[in-house]
Amino acid sequence: MLQSISLSKHDWSLHRKGPADQARHAEKVKEAIKGNLANIISQEAIITSDGNRIVKVPIKSLELPRFRYEFRKKQQVGQGEGDSGVGDVLNPGQKGQGKGKQAGDQPGIDYYEAEITIEELAGLLFEDLGLPNLQRKLGAEVEGAGIRYNDIHKVGIMSNLDKKRTIMENIRRNALTGHVPVFQKVRQEDLRFRTWNPDVQRETNAVVIAMRDVSASMGEFEKYITRSFYFWMVRFLRSKYNNVRIVFITHHTEAKEVDEETFFKLGESGGTKVSSAYKLALDIIKMRYDPESWNIYPFHFSDGDNWGDGDNKLCVELVNKLIETCNIFGYGEIQESRHSSPSTLMSAFLSIQNERFIPVTIADKADVYPSLRKFFARREG
Amino acid sequence: MQVDIEFRDLEEAAEKIWDIALKVGLDPYPTHFEIVPASIMYEFGAYGLPGRFAHWTHGKAYHRLRTMYDYGLSKIYELVINSNPCYAFLLEGNSPLQNKLVIAHVLAHCDFFKNNAYFAPTSRQMVETASNNADRIRRYEFLHGKLEVEEFLDAVLSIQEHVDPDVFIKRNKAEENKVRPERQTPYDDLFGLEKGLTEKPDNKQEKFPLSPEKDLLLFIAENAAHLQDWQRDIIYIVRNEMLYFVPQMQTKIMNEGWASFWHARILRELDLTEAEYVEFASLHSSVLSPSKTEVNPYYIGMKIFEDIEKRWNEPSDEERRAFGRKGGEGRQKILDVREVDNDVSFLRTYLTKHLVEDLDLYIYKLEGEEWKIVEKDWEKIRDMLVASMTNFGSPVIMVEDADWNRNRELYLKHSYEGMELDIEYAEKTLRYVHKLWGRAVHLETIVDSSNVVLTFDGEKNTIKRNS
Chain A
2 MLQSISLSKH
12 DWSLHRKGPA
22 DQARHAEKVK
32 EAIKGNLANI
42 ISQEAIITSD
52 GNRIVKVPIK
62 SLELPRFRYE
72 FRKKQQVGQG
82 EGDSGVGDVL
92 NPGQKGQGKG
102 KQAGDQPGID
112 YYEAEITIEE
122 LAGLLFEDLG
132 LPNLQRKLGA
142 EVEGAGIRYN
152 DIHKVGIMSN
162 LDKKRTIMEN
172 IRRNALTGHV
182 PVFQKVRQED
192 LRFRTWNPDV
202 QRETNAVVIA
212 MRDVSASMGE
222 FEKYITRSFY
232 FWMVRFLRSK
242 YNNVRIVFIT
252 HHTEAKEVDE
262 ETFFKLGESG
272 GTKVSSAYKL
282 ALDIIKMRYD
292 PESWNIYPFH
302 FSDGDNWGDG
312 DNKLCVELVN
322 KLIETCNIFG
332 YGEIQESRHS
342 SPSTLMSAFL
352 SIQNERFIPV
362 TIADKADVYP
372 SLRKFFARRE
382 G
Chain B
10 MQVDIEFRDL
20 EEAAEKIWDI
30 ALKVGLDPYP
40 THFEIVPASI
50 MYEFGAYGLP
60 GRFAHWTHGK
70 AYHRLRTMYD
80 YGLSKIYELV
90 INSNPCYAFL
100 LEGNSPLQNK
110 LVIAHVLAHC
120 DFFKNNAYFA
130 PTSRQMVETA
140 SNNADRIRRY
150 EFLHGKLEVE
160 EFLDAVLSIQ
170 EHVDPDVFIK
180 RNKAEENKVR
190 PERQTPYDDL
200 FGLEKGLTEK
210 PDNKQEKFPL
220 SPEKDLLLFI
230 AENAAHLQDW
240 QRDIIYIVRN
250 EMLYFVPQMQ
260 TKIMNEGWAS
270 FWHARILREL
280 DLTEAEYVEF
290 ASLHSSVLSP
300 SKTEVNPYYI
310 GMKIFEDIEK
320 RWNEPSDEER
330 RAFGRKGGEG
340 RQKILDVREV
350 DNDVSFLRTY
360 LTKHLVEDLD
370 LYIYKLEGEE
380 WKIVEKDWEK
390 IRDMLVASMT
400 NFGSPVIMVE
410 DADWNRNREL
420 YLKHSYEGME
430 LDIEYAEKTL
440 RYVHKLWGRA
450 VHLETIVDSS
460 NVVLTFDGEK
470 NTIKRNS
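Protein chains in written order, with this note's numbering: chain A, 2 to 382; chain B, 10 to 476.
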């Protein structure tokens, strides 16, 4: 029995309890993120990131509820430096909730900055999404630069001798002659060599034709929605195809192909003639992206403020033409106010009876996720 | 071998500190110190006990402590377990002086565990018990599924503070069939003592429980109809561990004050070099630094003990006359206080006007968007502090009726004493209570001066004014 005081030091390196429960907590954090994806994915910090970075997403701290006092109505005791007086403000400048104390054991709204990579987030996001109407295309077989050791030959150079197989062959031959199956008397015919083949990969290709209305009516909010939408769509397609290209088309009364930077610049001016963009899209498909070997995904974002019924009719025709060759055609109408009624263009589109044509209305940042889900819900081709 | 020399030096210092501690009148349990790396220190800190059962809330606490340590925001120098012998942990990489201070500090904690009356009923084999509990829970995970056990633990832990450390004092089987006469005045429970109990009238429709129960965990474990054995066992485990921690929550200020008081005294008895003395002074003052938004238990506790010692060593003429203090009794007095008080009685009795002003304490609250000082009157400050310690800072929730609506619904009542509940949290917690009780649960409380009842019926939360 210990009588007074003693001291020791052991090796604790195999002790793992804390990290195991920490991992369970992290798992629950991830579940919480998943439940809140709609709000998380349209955050500016994420869609302007370079894609590999770790992003921090604020989620409400996971906490077991308990019976506790309302901290906003509670009085507490603190300690000054000798000169405190009634009316003094603690922590001036630090307004609102929380008191900058240890998070967790003090009430207040406790936010936890969960760290997650864009890849992980994309994994959660796309977990149960699929490519609609996926078709096997004639992919080019591209001979890659690499080689792979994936074959066995009976002749070869000694440095490539596969010892294990050679021994097996020898034992097998000995066994076949009625001897005890042992390894002995290696002959030339037992030798096996590893050999290589050139690395051949099948390329699967997809092209996104991103069309955007840049007429005067399209503002900062519309730009933001378009951008976050394309950010996730491209990420999603890359997870399914080796090679995803994007063609950017802007239009007002005329359409033109532009680079990415121009595409996301603010609206120009003038009226809107949507059909011009669809025509250009059809031309580009015809010239550069043969539907025999490309999966084609045209998407168009607009506020639906089109130039008259004549053009609307033309649009319907062109869309019908596009969906003959494309996997899906997505039309996103961005309306900042939920209360406005569908545009004339949307009304015209509603006559299209083809499940490859997918119209959505986006009124809020949080609508981006549901519309992605609508576009990429698993369905039969 | 530098490390071996350091280890031997520390052993020597530890023995010297032990001798000094006994000489000044401390009476600790034998104490074993183990030097551990940061990951282990923070794990024990997060779990409260080594080897305690696994749960994600422990993982979260561990992660937070680890992160704060990794960023250099906070450091745990020591950790001590109330057991016999006491186990204490020193952080690997502490400087020799830090270790000396920590050892002195820990020995005063061990003295407190051994001698304070509130610790008398605690198990001194809790490390073994907790690790057996963890084994049982692991077995339940194996039998019933990890998620099932985790979700049940979530529910139990959400009401873990609702235990009654005094439950066995009140319980008396022989009295269970008797009732106290109906109260006429608030003091009837005192006057009624000699009158005794009356036989309970048979014909009256019985209320269950007969008188309100404070121990929610025990009540549910004993009376919830649908629980399986393993579930009841988990409730008893959590309750048992909570009862072990309650005295530590009831004596936080005293215990830390006591340890800080003695580490300073003991270190002055050691022959420190000048450099060590400077290091000691800076460490000591960082431990005792006050906070604007809460009272630092180390600081306020130590100040009160110092003040008591001084007032009993050199009583004023009035104190000599009025209380018959002879002077020179300081040491004996503080030893007595550490034996019989808890934070509530300690603050109520010994936090004087002089101390409140000297420590510059105040009451603050949220006004609009700013935290403002609203009170400097010393008695109000003392009473507020005492009130915030009552029931170790948790609201008191009583089981009023377990057969509410004649439908075995559970009716709880918050003993409102001026502080309102966080309604959002209360509603979420009721969902967990429902999971444990198995039928609708109600909670009566006060919101904005009106009496309301929160209900969770298994599908949705409702709140209504109590008529």
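Read the hints as simulated data drawn from the structure, not as lab findings. One should not assume that every hint holds.
Cβ pair distances, simulated, as ranges [said to hold, decoys possible]:
# : chain 1 : residue 1 : chain 2 : residue 2 : range
1 : B       : PRO39     : A       : PRO20     : 30 to 40 Å
2 : B       : SER132    : A       : LYS35     : 20 to 30 Å
3 : A       : ALA21     : B       : ASP238    : 48 to 58 Å
4 : A       : ASP365    : B       : ILE455    : 31 to 41 Å
5 : B       : GLU303    : A       : GLY36     : 31 to 41 Å
6 : A       : GLU71     : B       : LEU219    : 45 to 55 Å
7 : B       : SER291    : A       : GLU32     : 42 to 52 Å
What you are looking at is a predicted structure, and each value in this text was computed from that prediction instead of being measured. By construction, the Cβ of each residue, glycine as well, lies at the ideal position given by its N, Cα and C atoms.
Quiz item: Would you say the C-beta atoms of PRO39 of chain B and PRO20 of chain A sit inside 30 to 40 Å of each other?
Solution: holds, 32 Å
Practice problem: Can you let me know if the beta-carbon spacing of SER132 of chain B and LYS35 of chain A is within 20 to 30 Å? | Solution: violated, 42 Å
Quiz item: Would you say the C-beta atoms of ASP365 of chain A and ILE455 of chain B sit inside 31 to 41 Å of each other?
Solution: The hinted range 31 to 41 Å holds for ASP365 of chain A and ILE455 of chain B, with Cβ atoms some 39 Å apart.
Quiz item: Does the Cβ pair ALA21 of chain A, ASP238 of chain B satisfy 48 to 58 Å?
Solution: With Cβ atoms ~27 Å apart, the hint is violated.
Practice problem: Mind checking the hinted window 42 to 52 Å against the Cβ distance between SER291 of chain B and GLU32 of chain A? | Solution: Check passed, 45 Å falls within 42 to 52 Å.
Quiz prompt | GLU303 of chain B versus GLY36 of chain A beta-carbon gap, inside 31 to 41 Å or not | solution = holds, 33 Å
Quiz item: GLU71 of chain A and LEU219 of chain B, beta-carbon distance inside 45 to 55 Å?
Solution: For LEU219 of chain B against GLU71 of chain A, whose Cβ atoms are near 32 Å apart, the range 45 to 55 Å is violated.
The structure shown violates the earlier hints numbered 2, 3, 6.
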